[in-house]
Amino acid sequence: MSQIVDWVDERLNLAGVRHFMQEKGVPIHAQKIWYYLGGLTLFLFMVQVASGILLLLYYRPSSAEAYESVQFIVSQVEFGWLIRNIHSWSANLLILAAFGHMFSVFFLKGYRKPRELTWVSGVFLLFLMFGFGFSGYLLPWNELSFFATKVGTGMAGAVPIVGTPLMRFLRGGDDVTGATLSRFYAIHVAILPAICTMLVGLHLLFVQRQGMSIPIKAARRQRLGERIKQMPFFPDYILRDVLVWYVAIALLAALAAFYPWELGKKADAFAPVPAGIRPEWYFLAVFHTLKLLPSHVLGIEGERLGILGFGLAAAILVAVPFLDRRASKDEPSPAFTVLGLVALLYLIVFTIVGYFAS
Amino acid sequence: MTGLTATAAAAVLGAGLVLLSPRWAAAQAATSNNCATCHAKLSDARLKSPPQAVAGDVHDKAGVHCADCHGGNPAATDATAAHDPAHGYRGKPSGATICATCHVLLADKFKTSVHAQIFEKACVECHGNHGIKPPSDALLGTSKEALCTSCHSEKDDPGFTAANQMRASIDRLRQGIDAGSGLIARVKNAGIEVGDQELALTEARTRLVLARTEVHAFNPAALDVVVNDGMKIVAGVNQGGNRGVAELAYRRRGLFVFLALTLLFVVALVFKIRDLDRTRK
Numbered sequence: 001m002s003q004i005v006d007w008v009d010e011r012l013n014l015a016g017v018r019h020f021m022q023e024k025g026v027p028i029h030a031q032k033i034w035y036y037l038g039g040l041t042l043f044l045f046m047v048q049v050a051s052g053i054l055l056l057l058y059y060r061p062s063s064a065e066a067y068e069s070v071q072f073i074v075s076q077v078e079f080g081w082l083i084r085n086i087h088s089w090s091a092n093l094l095i096l097a098a099f100g101h102m103f104s105v106f107f108l109k110g111y112r113k114p115r116e117l118t119w120v121s122g123v124f125l126l127f128l129m130f131g132f133g134f135s136g137y138l139l140p141w142n143e144l145s146f147f148a149t150k151v152g153t154g155m156a157g158a159v160p161i162v163g164t165p166l167m168r169f170l171r172g173g174d175d176v177t178g179a180t181l182s183r184f185y186a187i188h189v190a191i192l193p194a195i196c197t198m199l200v201g202l203h204l205l206f207v208q209r210q211g212m213s214i215p216i217k218a219a220r221r222q223r224l225g226e227r228i229k230q231m232p233f234f235p236d237y238i239l240r241d242v243l244v245w246y247v248a249i250a251l252l253a254a255l256a257a258f259y260p261w262e263l264g265k266k267a268d269a270f271a272p273v274p275a276g277i278r279p280e281w282y283f284l285a286v287f288h289t290l291k292l293l294p295s296h297v298l299g300i301e302g303e304r305l306g307i308l309g310f311g312l313a314a315a316i317l318v319a320v321p322f323l324d325r326r327a328s329k330d331e332p333s334p335a336f337t338v339l340g341l342v343a344l345l346y347l348i349v350f351t352i353v354g355y356f357a358s
Numbered sequence: 001m002t003g004l005t006a007t008a009a010a011a012v013l014g015a016g017l018v019l020l021s022p023r024w025a026a027a028q029a030a031t032s033n034n035c036a037t038c039h040a041k042l043s044d045a046r047l048k049s050p051p052q053a054v055a056g057d058v059h060d061k062a063g064v065h066c067a068d069c070h071g072g073n074p075a076a077t078d079a080t081a082a083h084d085p086a087h088g089y090r091g092k093p094s095g096a097t098i099c100a101t102c103h104v105l106l107a108d109k110f111k112t113s114v115h116a117q118i119f120e121k122a123c124v125e126c127h128g129n130h131g132i133k134p135p136s137d138a139l140l141g142t143s144k145e146a147l148c149t150s151c152h153s154e155k156d157d158p159g160f161t162a163a164n165q166m167r168a169s170i171d172r173l174r175q176g177i178d179a180g181s182g183l184i185a186r187v188k189n190a191g192i193e194v195g196d197q198e199l200a201l202t203e204a205r206t207r208l209v210l211a212r213t214e215v216h217a218f219n220p221a222a223l224d225v226v227v228n229d230g231m232k233i234v235a236g237v238n239q240g241g242n243r244g245v246a247e248l249a250y251r252r253r254g255l256f257v258f259l260a261l262t263l264l265f266v267v268a269l270v271f272k273i274r275d276l277d278r279t280r281k
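One line per chain: the protein sequences are G and H, in this order.
Everything in the first sequence is counted per this note's numbering, starting at 1 for the first residue and increasing by one.
Everything in the second sequence is counted per this note's numbering, starting at 1 for the first residue and increasing by one.
In short, the hints are calculated from the structure, not lab data.
Among these hints, one or two may not hold up.
To be verified - Below, computed lysine-lysine pairings styled on BS3-like, alpha-carbon distance capped at 25 Å:
1) K229(G) / K150(G)
2) K229(G) / K281(H)
3) K281(H) / K24(G)
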């Protein structure tokens, strides 16, 4: 092994990499456990990429063949069922891990100066994950996904000014058809992965350049001269990360074996809308809120107002590091903590209520 | 002509055209059924009772009414107009022909049967004409509800044996389909893809419908051909279902092996991490 390393070193000069590996450390404090969520999110993203590539070998993106090809994958291809179920479950766990990662960074105020761009890139990555989820949901071309996409793209039509062109762009026409499927496929396997890979690279680069953020209290103690203990990233921290990944893999395997993702019936545009149409769980809070809004509020269409509200909330989320001036000075910012708690509570309650209401 | 007069004239003309339209007349005929209203007032029980018997029977529920079999004009309010032959009134139709107007396949099968030669009223002999009960497998065989026993009540009667045989064949296919459906539903709930088996079950159900049609030829051997075809499909479904059950067991075994290996690796990692921590101290 050392001979191989020497051989590569002689040609590429690995001194910089070696130095980085030796020097990189992870701060040790009471909240260090939350760091694992970032690594877990990245790991699940890699699982998505690997399982997605395997699915691509058999998937056929046309309204005539998509459903049949997924049916073929899960019933005829050796371990196809496992790959498809891991892809589906991992997608959901990935969003959950990303949410957890974002909220942990939020509550630890890890976005504060100089890590504003790390936060912004992370929030955009979360939005991209939603895009992956939305576009991937349609790909099996089954009844539920077909009608849910109809509802979802219809909601995009409520965006002020650009709504109708945006909806037509997403659908590839006036309605959800085979053209929508081709479009969603291209978005899911080419456009989003390209943007996502760049953004993940950028996000990781920021993390490496700035190191892990520490909580405000620890930062203040550090300023007073206290030395915050560090754990070597290689191999101490990475081994712990791998341990978490193994638990995730075991969980994924158990979910795939015991709760496989149902394929349902093939989409039929002329069939009546089946009962229980609802989006994936991470869109449920938004979906249910829009459903609860009255048809008109102060003369503005309720759905349009809701979309505007969520757009504004997304913009605030991106701008959090620039709005929380106290945190950027390493001072506690309880207002933002309360705001985060309210948002988290709203998401949990509306997701649960939305799940049982639909 | 003022504008108002022109509008009124157009409205009258339009209304007249609508009233004269054959489509409007047909729609009226379909919605007005005066047969029951008039016949309820008659004193002759033979004429009074049929509309009462028909109310809520299988034909009534299917939207088949008096005029569909007897002809005439159900929208008319007097007897002469209602029973006008120009409106297709045919009075009491022949059971041998009128049922065949809709039940073509069943009538074709019946024509080939021994009963066709001896049943004067054809279908009516078993099913009646007014107040017809929904068809069910219980009508076939030698049980209490079965129709066959009204003629074939003796055990040494070949008709009794044939009725029993046919009922057993129909039951065999129906129970096979039910069992297959249960197996496929169970496997599907566990996440195994069974689209092909579900399609095959639809095909098997079609065979059951065909078998129920074949019953009207009253030929147990011919019925068995259709039933056996259905049973072959059911056997394929069961084979697929059993493959699914085996696949499930295989997946569960594989999962437990994988989890055991993962646990082993995790434990090894924990020891390694502890060892590292001790070294650091």
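Status of the hints after comparison with the structure:
A distance of roughly 53 Å separates the Cα atoms of K229(G) and K150(G); the hinted pair therefore is violated under the 25 Å criterion. As the CA atoms of K229(G) and K281(H) are separated by approximately 12 Å, the hinted pair is consistent with the 25 Å bound. Note on K281(H) and K24(G): the hinted pairing holds, with a Cα-Cα distance of about 19 Å set against a maximum of 25 Å.
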